[in-house]
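Mind the numbering: the sequence shown is residues -21 to -1, 1 to 154 in mature numbering (1 follows the signal peptide of the UniProt record, and there is no 0), read in order.
Bear in mind the hints are in silico, worked out from the structure with no lab data behind them. Only true hints are included.
Label-pair distances were calculated between CB atoms; the ranges are:
hint: 1; residue 1: Y104; residue 2: Y14; range: 24 to 30 Å
hint: 2; residue 1: T107; residue 2: R63; range: 30 to 36 Å
hint: 3; residue 1: Y14; residue 2: G73; range: 30 to 36 Å
hint: 4; residue 1: T100; residue 2: E1; range: 20 to 26 Å
We put the beta carbon where it would ideally sit given N, CA and C, even for glycine.
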Amino acid sequence: MPLKFHRLLLPLLLFACQLLAEIPQCFHFTWLGAYANHSNIQSESCESRVGDFNEIPCAEPLVLTPDDTVPDVKALWQNNTEDRDNYLCQMSPGRSCVKYSYIFKGGIQNITYMCANVNSTNGCYRQTHPTGMVVEACVCTSRVGLIPCNGCSKSQSAVLGSLLLLGLSMANNIA
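Make a model of the complete structure from these sequences and hints.
The structure is reproduced here in structure tokens:
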């Protein structure tokens, strides 16, 4: 009997060590939204886009999607062949993942995903400007080995958190 237990324990221990060696990550890029001329993206930079408006977040690389829809971050996370690391930053103590969106008339105009120092707890915060533009900042803390939380919607991050707690609970009951 003890031999069977060790055969099970060794792979679990190796998996746990791999997870502990990793650092939670956040998505890190700016999706430009609907963009008329996709061939001009080479001449764009965060500095050229925001200029003197330093309060507007921007994180390079700048990203366009072929049909101008919000990026599929789940596909990006699962795709290891397209230099996924260019679109990620590592969380460090005191930093959180942030998804900063500009929304006008119910449509998302652009999104910046980033690691940042923030003075707030996890959650989403909205501010509506007199022009009708809504700025939404969602702050979260990623978990090791899981898709960065700033790519999830509010309901997806709640489901992921619930699944993680359920998994930990089941693991404690087995042990």
